[in-house]
Amino acid sequence: MSLRRLFRSPEAVAGFVILGLLGAMALTAPLLFPGDPLAIAGQPLLRPFQDWALPLGTDRLGRDVLAGLFHGARTSLAVGLAAAAASILVGSVVGTVAGFAGGLVDEVLMRITDAFQTVPGFLLSLALVSVVGPSLSVVVAAIALSAWTGPARIARAEVLSIRERDYVASARVIGMHPIEIAFREVLPNALPPVLALSSVIVAAAILTEAALSFLGLGDPNRVTWGGMIAEGRAVLRSAPFLSVIPGIALVFSVLGVYLAGEGVVESTAAREGQA
Amino acid sequence: MAGFKISRRRVLAGSAFLLASTALPSIGWTQAKKGGRLVVAADSEPRNLNPAIVASNGVFFVASKVVEPLAEASFDGEGGLEPRLATSWEGSEDGLTVTFKLREGVTWHDGKPFTSADVAFSALNVWKPLQNLGRVVFKNLEAVETPDEHTAVFKFSKPTPLQLIKNALPALTSVVPKHVYEGKDIAENPANNAPVGTGPFKFAEHKPGEYYRLERNDKYWGESEPQLDEIIYRVLPDRAAAAGALEAEEIQLAAFSAVPLADLERISKVPGIRVITEGYEALTYQLVVEINHRRKELADLKVRQAIAHAIDKDFVVKTIFLGYAKPATGIVPQNDKQFYTPDVATYGFDVAKANALLDEAGYPKKDDGKRFALKLLPAPYFNETKQFGDYLRQALAAVGIDAELVNNDSAAHQKAVYTDHAFDIAIAPPVFRGDPAISTTILVQSGIPDGVPFSNQGGYKNDALDALIAKAAETLDPAARIELYKEFQKKVAADLPLINVAEWGFITVARDTVKNVSNNPRWAVSNWADTYVET
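As you go down the protein sequences, you meet chains A and B in turn.
Read left to right, the first sequence gives residues 1 to 275 (UniProt numbering).
Read left to right, the second sequence gives residues 1 to 535 (UniProt numbering).
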């Protein structure tokens with residue numbers, strides 16, 4: 001039922017089609033473009049649609065732009081999903097503990113959350129990556145570091161209302177350990193609104209990763225769209241396609257993630273409205 | 001916005017005045033026009049603008065117009081030099097003294113006369129103890145005698161070749177005023193940020209993030225010099241911005257390849273703009289692969305030879321430098337007229353040979369096609385060094401060496417490579433400054449303390465090479481000295497303590513109206529006294 005409802009909205013369909021394509025690109029990248037996508041494949045600065053072996057042309061060193069695009073989709077998706085998963089995990093645990101424990105624990109955890117929220121997220125990521133050094137896991141950690149506060153606040157708000165419900169009270173009565181109650185009874189019920197945030201976080205994570213790579217703080221041993229845009233910037237006037245192509249890919253994937261997420265949220269909201 | 005009212009009338013009046021001011025000169029004067037304002041692009045704002053302490057091109061670019069050296073490099077001057085604050089120099093037979101006759105009638109920008117005491121003070125208190133390059137060249141300078149106000153006699157404790165001193169004059173001998181620096185902490189003196197000199201331009205102001213302004217020194221010693229009234233350095237850290245600013249006529253000149261190489265072909269076709277490749281002959285940058293000899297694999301000559309064979313220098317020159325460079329043959333660049341020798345071991349691009357050498361060295365390809373892994377740290381200073389890092393990773397992959405790129409900002413890179421030695425191979429752009437003893441021999445010499453940038457921090461030690469460097473440093477006869485440095489080049493090429501890949505000079509892009517551009521081999525960092533803007 002809900003699937004049908006989901007696919008009734010054209011935006012959601014568009015979102016899922018884009019996501020599907022993106023996922024297909026990421027999955028097929030090692031099959032279609034085996035070997036290192038950073039390898040020099042042909043004559044440098046070949047324009048798109050000139051040579052069918054290299055349909056989107058080559059960059060300043062002669063690397064295949066299409067291979068970069070496919071392998072870049074892997075990096076972007078991997079970073080986006082990993083960062084979202086990490087920040088939702090950390091955020092919901094912090095939020096649940098704060099909301100469920102209340103009192104001093106709540107106070108301390110929420111002030112820490114406030115502290116993180118007052119620092120612009122991108123600056124935080126930038127600082128961490130430039131101190132620790134750029135690699136994929138550090139980039140994921142850096143993005144999660146600035147994105148966990150949203151899930152934490154929402155989880156806490158949900159937990160605050162859920163912990164007053166009757167089934168929580170009865171769980172207490174039958175003698176369940178508070179930690180068990182928090183994570184087995186409360187958290188699962190607090191999760192849906194937190195998960196609704198995930199599309200926003202994934203989209204933001206993809207953009208943050210691209211921005212970090214653009215500033216030269218991505219993992220230099222991997223292709224990333226942000227890195228491709230930065231590479232192309234030096235020749236923006238003479239070979240704009242080098243920046244435009246990954247830029248378009250970036251726009252579409254953020255749009256796809258966002259539309260799909262929006263579709264899911266709306267269909268669940270509609271279901272709840274009916275129920 | 002109190003106090004600022006923009007009325008249409010004012011704007012009109014202002015623009016009419018501007019129009020008139022550009023129209024007038026073309027009616028009035030038709031002979032060579034003196035004066036004018038030159039606006040140039042600056043890509044960095046050095047923390048210390050004192051060229052006597054920081055002898056680097058970023059500092060010279062601004063400060064060389066204010067603070068002058070004893071002599072400047074020249075295309076056709078005697079011995080490649082043109083006198084500035086010194087009018088003549090003479091060495092003694094034993095190599096222990098060099099006598100400079102100084103220019104008379106020169107005054108500092110604050111009105112005090114320039115004398116031999118200033119030269120003695122600069123040499124003993126600044127160049128020798130504080131200057132990055134002077135520490136090496138003037139290390140045996142014991143005293144500077146000043147028999148009269150216009151003679152300075154340099155006394156060395158060990159024989160020091162006059163040839164070296166002469167080659168060092170343009171970059172290492174910026175003279176600062178004794179009366180401004182004496183008795184205070186030289187490194188912290190406020191004049192380091194607002195230099196006082198004898199040059200054709202006075203330092204007027206610096207607005208951080210916006211511009212530097214230099215103004216004409218009316219009392220300059222040069223006859224009818226300077227020609228310009230004013231030089232403005234507009235700070236444009238974004239390299240793509242310089243090309244746009246030139247086209248929009250917001251700036252008239254961009255030196256040090258501020259316009260990216262990839263944009264040169266396009267901009268050279270814009271009417272009114274010239275691309276100039278001359279004027280950097282004495283500032284040759286070298287693209288070098290630095291090697292950490294503490295790594296067992298890299299300590300093996302065969303591995304180093306294999307890496308040299310794996311690099312396609314022509315590809316690097318053609319693709320990364322777009323032809324604005326030359327493949328290097330050795331540690332001294334080809335455009336050096338005194339010391340260069342082509343007669344050294346060379347390593348052509350040959351992947352099969354590289355693979356064979358690595359097999360011979362005992363590092364066969366494993367099942368995944370890789371032999372061993374390396375950490376590769378490209379210097380972040382130039383686009384080209386970073387791109388060469390990307391290329392080198394691929395070139396090494398082709399012979400089974402798995403290089404992992406590590407990107408750092410400038411400070412972290414210097415610390416990682418030159419202090420912590422946390423690299424296996426690194427990419428560096430050292431500068432050849434007209435004499436191997438100034439900044440080239442330290443690239444391979446052993447016993448250099450940790451933390452000295454652009455020096456041998458790879459743990460390489462070759463006693464024969466060290467002995468050769470020491471001998472050349474004390475050889476007085478120019479011909480014999482040149483022979484020793486030719487031997488030095490051969491030894492370096494044979495043993496590959498580092499791998500020289502390419503050498504390049506920078507590019508100046510200027511509007512046609514700027515005249516007397518690139519008329520000496522260090523033009524961008526010379527004093528620009530004869531440069532003018534045609535209006």
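Among these hints, one or two may not hold up.
[Said to hold, decoys possible] To give a feel for the contact side, a few chain B residues facing chain A, derived at Cβ under 10 Å:
1. Ala245
2. Gly348
3. Gly389
4. Gln394
5. Asn408
6. Asp409
7. Asp463
Quick caveat, the hints were computed from the structure, so don't treat them as lab data.
Note that the coordinates shown come from a computational prediction; the quantities given were computed from them, not determined experimentally.
For glycine and all other residues, C-beta sits at the position ideal for the given N, C-alpha and C.
Okay, the hints, checked on the actual structure:
1. Ala245: Where the cut-off is 10 Å and the nearest Cβ of chain A is about 13 Å from Ala245 of chain B, the hint is violated.
2. Gly348: Hint on Gly348 of chain B: violated, closest Cβ of chain A at ~19 Å, above 10 Å.
3. Gly389: Nearest chain A Cβ about 8 Å off; hint holds.
4. Gln394: holds (5 Å)
5. Asn408: Holds, about 7 Å.
6. Asp409: Holds: closest Cβ of chain A sits about 7 Å from Asp409 of chain B, inside 10 Å.
7. Asp463: With a closest approach of 37 Å, the Asp463 of chain B hint is violated.
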